[in-house]
Amino acid sequence: MKRAWLIGPAAAVVLLIALPFIGNNYILRIATSMLMYVALASSWNYIGGFAGYPSFATAAFFGLGAYAGGILQFKGVPMVAAWLIAGVIVTAFASAVGRAILRLRGHYFAIASLVIADVLREVINGMTGVTGGGMGLNVPVMKIDVTTQARLFYAAMLAVAVLAVVTSALLDRSRIGFGLRCIEQNEDVALRLGVHTARYKTIAFALSSIYPALAGAVYASWVSYIDPAEAFDVLFSIKPIIMALLGGAGTVAGPIVGAFIFQAMEELVWRNFLSVHLGLLGLIVVLLILFLPQGLLRHRLLRPRMRPLLVKAP
Amino acid sequence: MTPLLELEHVSRTFGGLKALDDVSLRLEEGEIVGLIGPNGAGKTTLVNVVTGVTPATRGRVLFRGATIERLSPDRIAHLGIARTSQIVQPFPRMNALDNVAGGALFAGGCRTLAAAREKAHEHLAFTGLSDVADQAASTLTLADRKRLELARGLAMNPKLLLLDEVNAGLNAAEIDSALDLVRAIAARGVTILVIEHLMKVVLNACSRVAVLHHGQLIADAAPNDVVRDPKVIEAYLGTKFAARHAARLA
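The listed protein sequences derive, respectively, from chains A and B. Under my numbering, think of the first position of the first sequence as 1, with each following residue one higher. Under my numbering, think of the first position of the second sequence as 315, with each following residue one higher.
One thing to keep in mind: the hints can contain errors.
[Stated by the list, open to error] For the chain A half of the interface with chain B, some residues (derived, Cβ under 10 angstroms), not all of them: (1) GLY23; (2) MET34; (3) LYS75; (4) ALA169; (5) ARG173; (6) SER174; (7) GLU184; (8) ASN186; (9) GLY194.
Since the hints were made in silico from the structure, they are not lab data. If you're wondering where the values come from, they're calculated on a predicted model, not measured in any experiment. Every residue gets a Cβ at the ideal spot worked out from N, C-alpha and C, and that includes glycine.
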């Protein structure tokens, strides 16, 4: 049957909807976290996968979103409004910073994007009056029972993840997406063909900031306490990259598949090998680079299904 | 009538090196003009100046009467100036079709990717690449990649096409078919500047030939006059030969 492959995604959708009602709070927490990483990895893919710009700015967007949302809520703004405003603030920030650092390429861009989170962390550390500095920030806790809370944040993260994936799918088919792929392959030639590279890259970078910002704001409400070291943790930049590469950077499904596999792997490793789990994860990353440099979805077993745009280099 | 392209006293320096030195050149609509000169004469720099890749340090570049020397390459591409590169630069991991569709989608002004791909099919057929449309650009032969550059340039729907040594590295038969292609493109009303080392191509295809030497324009005339020009002979073959040649003629 031609449409047999639809069974998998259909089952996933049913599971995602049913989960809040059948899963316990532990399952729900893992699922919420997975969905968060689906959003982060898909977002990284806009700039890192489609455009080929190795951005390490995800943690900056996430942390800034978490703080913007947390502070707004602390000041009495309703929760969902706080999330959305945080998204707008971070996107504006990313557009401005993007214009400046997207002139750099390759490693230089990677370093510049990596530094954003460090700068923001220090700024927020210093603004003790507003942010609580190193003491952290307590976000108001809702007065509803724990299970309802777990379901609510699950639903919120699900919405963010779905939006991130939908954006990815739209981008994939759009003129901008095609322009980004041209930039990824050869930016100078893309420019010569009339791709407005500066504008396209900035759009991709700004888009890649929206969902991490929303996810960060939801995260702040979810865990109800954030501090600079945690909110701007470099792992929030690195894990989405690994996930996208694991699944297949530059594809819509790759970051989703990668996020699920990586999170599942991390959960298993973390639970069973607590003392060495970072070392084991490092080993997995090395094996990934050695044996799956193109990602799972581009593995030869799956290749016949690939679209012509993604022909593999010889 | 305003010329299609006009360079007014254009200079381009790289540090202390004058790659282009006070070059003035006009291209009328519908012309095929050859640009020749020994290695390092500044031919590719001239193309880069016109396309905005390395902007002129001095002088003005006018396209259809409007000054373009401060525009970025993407803007210039949208105005209708396309080029091919001496060293072919396809998007290696895209297939031939999408390589050409890129040209049609951006500078070519197609609204959707589907429309761009349709246009791309036409240009692939025109350049004889229909059979390899689905192949990754990196797997094509050199001759086919040269054609791909041409097809991509055409997809940009240019008024002016700058061909930077499209024939370099091709064998005699391939050059003949490339030459036919250039003529066919000109027949569509595209003005062409051909940068070329092969005199056969220049003498056969061009209505006018400009010669660069050490960044300076030393001749700009009909092909048959240019090959007899003592300054051109000197630039290519050295002063000794030029003197002997002049003596023989006298």
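* Hint by hint, which ones does this structure get wrong, listed from lowest number up? -> 1, 2, 3, 4
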